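Visitor: Each residue of the sequence shown is one higher than the last, beginning at 379 in our numbering.
Incorrect hints may appear among the rest.
Claimed, not checked - Between beta-carbon pairs, the in silico distance windows are:
#1 L508 with L456: 36 to 44 Å
#2 S457 with D381: 53 to 61 Å
#3 E389 with G534: 47 to 55 Å
#4 A424 with D448: 54 to 62 Å
#5 G495 with E474: 36 to 44 Å
#6 E453 with L508: 30 to 38 Å
Just so you know, these hints were derived from the structure itself, not from any lab.
Since we're looking at a predicted model, the values are computed, not measured.
We put the CB at the ideal spot given by N, CA and C, even for glycine.
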Amino acid sequence: MQDIIDKVKEEFNSVQDSLLQPDAASDMKSFAALGRRRSSLEPIIAKIEEYEGVKKTLADNAEMINSETDQEIVELALSENEEVSAKLPTLEKELEVLLLPRDPADEKDVIVEIRGGAGGDESALFAADLFRMYTRFSELKSWKIDILSESRNDVGGFKEVIFGVSAKGESD
Numbered sequence: 379m380q381d382i383i384d385k386v387k388e389e390f391n392s393v394q395d396s397l398l399q400p401d402a403a404s405d406m407k408s409f410a411a412l413g414r415r416r417s418s419l420e421p422i423i424a425k426i427e428e429y430e431g432v433k434k435t436l437a438d439n440a441e442m443i444n445s446e447t448d449q450e451i452v453e454l455a456l457s458e459n460e461e462v463s464a465k466l467p468t469l470e471k472e473l474e475v476l477l478l479p480r481d482p483a484d485e486k487d488v489i490v491e492i493r494g495g496a497g498g499d500e501s502a503l504f505a506a507d508l509f510r511m512y513t514r515f516s517e518l519k520s521w522k523i524d525i526l527s528e529s530r531n532d533v534g535g536f537k538e539v540i541f542g543v544s545a546k547g548e549s550d
């Protein structure tokens, strides 16, 4: 895992250096891509720093336990090691999840089609509830929804609704 951590840190530093170059903003497309990549790496870097901080604390305390003659300080270091070592497995799992390769399709737009099935008005009302759920979720994520086609029934439900969701916040 340390190899992957080192590669991520190296990539983050490379992106940071590229963004700080005086001519970085001359090509806005590559500048925006670098900014997006930096934003995607920041939470990973924060978790790496937290993980490395815990490992450093454990190493420092181990050194203190082996070299210190004052029993109170040794007991404090042992106590802190117990607390900190309990965090380590959780941090490792979180870091593993963050280091998983991203699916390129995650950034693409989608088209969702909801149809009221057999059940008449109840299924049409459920389809409307489902559409509202997707709409609210998209609003929370700052995604843009474009209704492509809709067919309502008499009670306020949808016989069908087809809509596009754009993660970029703008329709393409």
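Visitor: Now, for every hint given, state plainly whether the structure supports it.
Guide: Hints, verified against the model:
no. : hint                       : in the structure
1   : L508 with L456: 36 to 44 Å : 55 Å, violated
2   : S457 with D381: 53 to 61 Å : 33 Å, violated
3   : E389 with G534: 47 to 55 Å : 51 Å, holds
4   : A424 with D448: 54 to 62 Å : 35 Å, violated
5   : G495 with E474: 36 to 44 Å : 40 Å, holds
6   : E453 with L508: 30 to 38 Å : 58 Å, violated
In this structure, the hints that do not hold are numbers 1, 2, 4 and 6, in rising order.
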